[in-house]
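Enquirer: Quick mapping for you: the protein sequence lines, in order, are chains A and B.
Its first residue numbered 2, the first sequence is counted upward by one per residue in the numbering used here.
Its first residue numbered 2, the second sequence is counted upward by one per residue in the numbering used here.
Treat the hints with care, as some may be off.
In this list, chains with the same sequence are indistinguishable; a pair is considered to hold if it fits within one copy or across any two.
Derived DSBU-like pairs (lysine-lysine); straight-line CA-CA distance at most 35 Å [claimed, not checked]:
1. Lys105 - Lys229
2. Lys350 - Lys313
3. Lys105 - Lys276
4. Lys90 - Lys255
5. Lys87 - Lys262
6. Lys229 - Lys300
7. Lys105 - Lys90
8. Lys105 - Lys168
9. Lys365 - Lys136
10. Lys255 - Lys229
11. Lys313 - Lys132
12. Lys331 - Lys229
13. Lys132 - Lys361
14. Lys229 - Lys14
15. Lys190 - Lys300
16. Lys55 - Lys365
17. Lys14 - Lys55
18. Lys300 - Lys55
19. Lys313 - Lys136
20. Lys136 - Lys90
21. Lys4 - Lys55
22. Lys4 - Lys229
The set of hints was computed from the structure by calculation and includes no laboratory data.
Given the structure is predicted, the values throughout are model-derived calculations rather than measurements.
Residues per chain, in single letters:
2 protein chains.
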Amino acid sequence: MPKSYNEICQSAKYKLTGHGDRRIDALMECFEHMDPSMEADIYGTGGIINDFEKDIACFLGKENAVFFPSGTMAQQIALRIWCDAKGLKNVAYHPLCHLEIHEKDGMKILHHLEPTLLGTKDRLFNMEDLKSVNKPIACLLVELPQREIGGQLPPWEELISISEFCKNGGIKLHLDGARLFEILPYYNKSAADICSLFDSVYISFYKGLGGIAGAMLAGRTEFIESAKVWKRRHGGDLISLYPYIVSAKHSMNKRIGNMGKYWQHALTAAERLNKIEGVSTVPEVPVCNMFHAYFDTTKENLESIFADIIEKYNLAIVRNIREIDNSICKSELSFGDSFELIPQEILDKAFEQLESEFIKLVEK
Amino acid sequence: MPKSYNEICQSAKYKLTGHGDRRIDALMECFEHMDPSMEADIYGTGGIINDFEKDIACFLGKENAVFFPSGTMAQQIALRIWCDAKGLKNVAYHPLCHLEIHEKDGMKILHHLEPTLLGTKDRLFNMEDLKSVNKPIACLLVELPQREIGGQLPPWEELISISEFCKNGGIKLHLDGARLFEILPYYNKSAADICSLFDSVYISFYKGLGGIAGAMLAGRTEFIESAKVWKRRHGGDLISLYPYIVSAKHSMNKRIGNMGKYWQHALTAAERLNKIEGVSTVPEVPVCNMFHAYFDTTKENLESIFADIIEKYNLAIVRNIREIDNSICKSELSFGDSFELIPQEILDKAFEQLESEFIKLVEK
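Just chain A, with the same shape it has in the complex (with noise of 0.2 Å):
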């Protein structure tokens, strides 16, 4: 059977995003300096569990936190909580909202919790949006960076001025900040600063900071009480949480301080794509670590070409190519560990060929 795309992708020696390929070795790494005789945490007690909680609560200036398995579970009991508090059953939050397109609707199914959605697709939501809302809303949801449009982001004044509005009409304003540590250098602000202006806050340890899986909830003692109630509902109360634990910390010190430089990576890629003529960015000045990639031709086309790159030059530039309509094909670019492992002659020749390749398809 001839490889797929990905796969030939997956056996390029360089890539130009992410943190190198998920092997379980990655677990083994976070192991290595543990002390072996550590006691595991057992059903959310326990130093090892505790005492990352209290860390990781404190790093955001809140008050309490619980560790997630994920994200999934942690947001839609989050929004449950807020609209329990409420007495409603309606959240706001963008149309491409991770909750609207990539759960299954369980919010909808297990907490019959009813979307208002904010704005259009293509674009951020603005308090012109909030503000025409005509229906009472227990919680809303802010994205930073809204994944789903490239990882664009509000300028920091009107996060201030969303964060009043909900302040003033009683709605909860709820964060999901699966990518919180890679905003940090944009807003050139603390993660506590940020989070202060938010009623609870989601962060993932898988994204940037590249640890297996798992996430945390933060909020006030009251809230991440109650958190902990649903987390047993849900089957979220592991008898033991401590291989993700380990990994979000141990990959929390590897990265934390790496993400102005992933955003650099991403800064320069994007700057590259964006000077050949049929290929463009969104957003077309990257704030963090990502961004999405428009390519104007057919994605049979278009593997092909990074296949021809890849057996020239080693080089996986794009993985995850999605046909858009006949002619626009679109693929997310998150960068980290692995740019700066290319040799900058490598990177160079590879996308002068991408751009001769695309001179050609423009001529044709």
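Using the hints, position chain B against chain A.
Expert: Quick look at chain B alone, frame taken from chain A:
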């Protein structure tokens, strides 16, 4: 601060029950012989998860299986699927079913299912109880062994009758097999023999098998495909579950052949306890590696007696003592690797001291 009784137990060199302390090196051990370059699972796909699911499905004689982070999640989902298929809300189970007493009512609050409790809390339910249910039920959950009454089992013939009753009545039969491996020696049947009586089966990897966490749900392919959708809704479709999978495989290889031995330990310990006046076990003759022990004295007295034994012989006989009323205490004992590490002389002397302490209590 003086040590709590459980901390004193923890510090004992020898333990009557369990597989030893839950320490993080349990995970490290599992990875020792793994190929470090093995690819991680990604959202339920990849050899590391899918091969294990296939192996377990085969072992249980089922068409398909899906790995879950927890049994709480797996079982709520199983019952939900069967209820949706029948268009009913009612499930039947034992009054001390895990879903009834340990899951903060997740099944009721997340899935709006309504339980019919069969029989009474102090015994197994039987065919009479089942026949007396006077409303339509979608699904019957049978827990083998029934943990909260000491791990009791119905006769094999009764299981067959229950299975036939359900088949004839269009009721789906689900097995809570959290301790399925532990009961194979008693029934002297294969896992597949037992599972053939059930439409769906949940098994756990951290009870008798001693893994870190994780569960498997098995059944027909259509059922498993639905379960995967619900797994995502619940937030259980983690990007990678391999830490638990590697541990589950390792623990299964290590302990699957030990269940007869663990049962024998339980038989030995129960026999010794039942010889003491004021001490009894339920069941009197264990049918697997577990039983409950009852002690006719206060918790304070009992902890003091066992703490003295630990001080003298370095052996913890029971942990987690629960006072039922002012003069009766209860503890659950589950046997594993620890039992055979106890030198015979220490075991004898510790039980002799326990007996002499109870003689003193009776004389008072």
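Enquirer: Now tell me if each hint is right for this structure.
Expert: Here is what the structure says about each hint:
no. : hint            : verdict
1   : Lys105 - Lys229 : both (23 Å within a copy, 10 Å between copies)
2   : Lys350 - Lys313 : within (10 Å within a copy, 75 Å between copies)
3   : Lys105 - Lys276 : neither (38 Å within a copy, 57 Å between copies)
4   : Lys90 - Lys255  : neither (40 Å within a copy, 49 Å between copies)
5   : Lys87 - Lys262  : neither (42 Å within a copy, 55 Å between copies)
6   : Lys229 - Lys300 : between (45 Å within a copy, 29 Å between copies)
7   : Lys105 - Lys90  : both (18 Å within a copy, 21 Å between copies)
8   : Lys105 - Lys168 : both (31 Å within a copy, 32 Å between copies)
9   : Lys365 - Lys136 : neither (53 Å within a copy, 72 Å between copies)
10  : Lys255 - Lys229 : both (28 Å within a copy, 33 Å between copies)
11  : Lys313 - Lys132 : neither (53 Å within a copy, 72 Å between copies)
12  : Lys331 - Lys229 : between (39 Å within a copy, 28 Å between copies)
13  : Lys132 - Lys361 : neither (48 Å within a copy, 77 Å between copies)
14  : Lys229 - Lys14  : between (43 Å within a copy, 34 Å between copies)
15  : Lys190 - Lys300 : neither (39 Å within a copy, 54 Å between copies)
16  : Lys55 - Lys365  : neither (60 Å within a copy, 50 Å between copies)
17  : Lys14 - Lys55   : between (40 Å within a copy, 32 Å between copies)
18  : Lys300 - Lys55  : between (47 Å within a copy, 34 Å between copies)
19  : Lys313 - Lys136 : neither (57 Å within a copy, 70 Å between copies)
20  : Lys136 - Lys90  : both (11 Å within a copy, 32 Å between copies)
21  : Lys4 - Lys55    : between (46 Å within a copy, 24 Å between copies)
22  : Lys4 - Lys229   : between (45 Å within a copy, 27 Å between copies)
Checked against the numbered hints above, the structure violates hints 3, 4, 5, 9, 11, 13, 15, 16 and 19; every other hint is satisfied.
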